[in-house]
Amino acid sequence: MQVTQLSYQFPKAKQALFTDLNFQLQSPGVNFLIGQNGVGKTTLVDIITGLRPATGTIDCPQDAIYLNQQLPMLTSIRVCDVAKLVLGIERGRLHFQLTEFESWVDAPTYRFLKPIWEQHYGQLSGGQRKLVQLLLFMQVDRQLVVLDEPTAAVDRQNVQLLFEVMQAHPQRTYLMITHDVRDIQAFDDYRVLWLHDRQMTTLTKGEFERSDNQQWAFITAFKAE
Amino acid sequence: MRKYWQQVLIYTQYFSKVAWDNPGVLIYTVCLPLVFLILNTKDHFFQQLTLTQYANSVIPFIGWMIFTNCLVTVASIGELREQGYLKQYRTLVVNVSVLIVSEAIVNLILLLTTLTLIAGLSSLVFQLPFLKLIGWLWLTLGLAYIPVICYCLPLLAVNMRQKTLNTMVNAISLIIIVGSVAVSNLVVLGMSNIFSNVLSPLYLISNLFRMLTVGTASQYILTYSICLVILIIVGAWSYRHLKILPTEGL
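So the protein lines, in turn, are chains A and B.
Note that this note's numbering has the first sequence beginning at 1, numbered continuously upward.
Note that this note's numbering has the second sequence beginning at 1001, numbered continuously upward.
Read the hints as simulated data drawn from the structure, not as lab findings.
Remember, it's a predicted structure, so these values are computed and weren't measured experimentally.
Be careful, since some hints might not be right.
Take a look, some chain B residues computed to stay more than 10 Å from chain A by CB distance [unchecked claim]:
hint, residue
1, 1069
2, 1108
3, 1131
4, 1138
5, 1169
6, 1218
Covered, in the sense of this in silico footprint (three residues per stretch, anywhere, with C-beta under 8 Å from a C-beta of chain B), are these stretches of chain A [what the hints assert, rightly or not]:
hint, region
7, 46-53
8, 58-66
9, 77-90
Quick reminder that beta carbons are idealized off the backbone N, C-alpha and C, glycines included.
Modelling step: build the complete structure from the supplied sequences, incorporating the hints.
See the structure below:
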């Protein structure tokens, strides 16, 4: 999965947000997109998933699954209703039972969802609500999975659960926006895409771990957090 | 195509659950038009109305009810967009029209229920045949539903915040009702006037009912067909320019 000479300018902006971005995703594998607030990470992800027209070549599957930073859901909806929607669509099934659900999903997801299966969204904490959607969408079979700050507002134990689910599907390519170095450190192998000054710097795991110089002050600060 | 309709069915089931989950709101949505109908037509209660009188006195109100319900349904998709829902859930379905069609089906079921209640009330207080009336009302809705939904779709082709969206819904419904009443007071518009049928869903729905009941179908069918084609083009254009990203960004 490769992006070549990507340029983008907001319709009313005077200056381009990106100019001739070139980068490659580790595919399959885990890719982290980092950068300062407002640098254009979500916009870049919108472009990759085909939501914003840009110039350049994007060699990525357009049927990627995308997960928002946060998504308000009706408090009256039950966890099983969301599961029946997401997996019903994925499996082409109008009705299914928890036993069938168990055979379709990975073990960590089932372990998390079973005790709260009948609960309403309103009865769950903010972190649990987020995790319900994250884990269900992770059961949807797509080559590319894009996650926009999935670990924000989720406790580290549940973040670990999310990463277990990601590792249960190693054939996929993940592109995750994050501001938390612990997310990166939780993986054995990864690629870091650092978006800065309208350019992209790609770092392997070794390069990211070794990077510590004044030119890369953001990376140093990011790692120190 | 099978996959598409399967997804529509699953989403219709989901949106129905959302609607049923709040019975108070559901009863309010279905029964409020009845209250308005009673308030607007109480002067004619327990008088035997002819179909022409019914078409002139009651149908414009039903037309307004159908139109505002369609407008609110389309606006609810815009609200989902502003919450970031479209951006995420479009990656799950074949295409975004699955969500629009499913919402429209749920609204159609609610409208059919309301029309059944209206037919019951009308047969009681205006001494009209219930089964025939329900047939005419349902058929009118069946013929008007797609063009009216298409009429409302441009709302989704424009970027607007949730508050602006709500304001637009109120403004459009007011403009249509006030404009339609004002124009009909100033000039006599024939049933076959294409502009009035395209520009005002109230005219379109009223004329469809007249065509089915008191008018001559052959005189209006061509006008209806032209309006249907024009409004489907409007709907298709709007869908092609559908905004998926929230205006405020998520």
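Decide, holds or violated, for the assertion that all CB atoms of chain A are farther than 10 Å from the CB of residue 1108/B. The assertion about residue 1108/B holds, with a minimum of 19 Å to chain A.
Are all C-beta atoms of chain A more than 10 Å from that of residue 1169/B? holds (20 Å)
Residue 1069/B non-interfacial with respect to chain A [C-beta, more than 10 Å]: holds (20 Å)
10 Å Cβ clearance of residue 1131/B from chain A: The assertion about residue 1131/B holds, with a minimum of 32 Å to chain A.
Counting residues of the region 77-90 of chain A with a beta carbon closer than 8 Å to any beta carbon of chain B, are there 3 or more? Holds, because 8 residues of the region 77-90 of chain A bring their Cβ atoms closer than 8 Å to Cβ atoms of chain B.
Claimed coverage, the region 46-53 of chain A by chain B - three or more beta carbons nearer than 8 Å: holds (count 4)
With d taken as the least Cβ-Cβ distance between residue 1138/B and chain A, does d exceed 10 Å? holds (26 Å)
Over 10 Å from every CB of chain A: does residue 1218/B meet that, or does the non-interface label fail? The assertion about residue 1218/B holds, with a minimum of 43 Å to chain A.
Verdict on chain B covering the region 58-66 of chain A, where coverage means 3 or more residues with a C-beta closer than 8 Å: Contact hint for the region 58-66 of chain A vs chain B: holds, 4 residues under 8 Å.
Against the hints set out earlier in the document, no violation occurs for any number.
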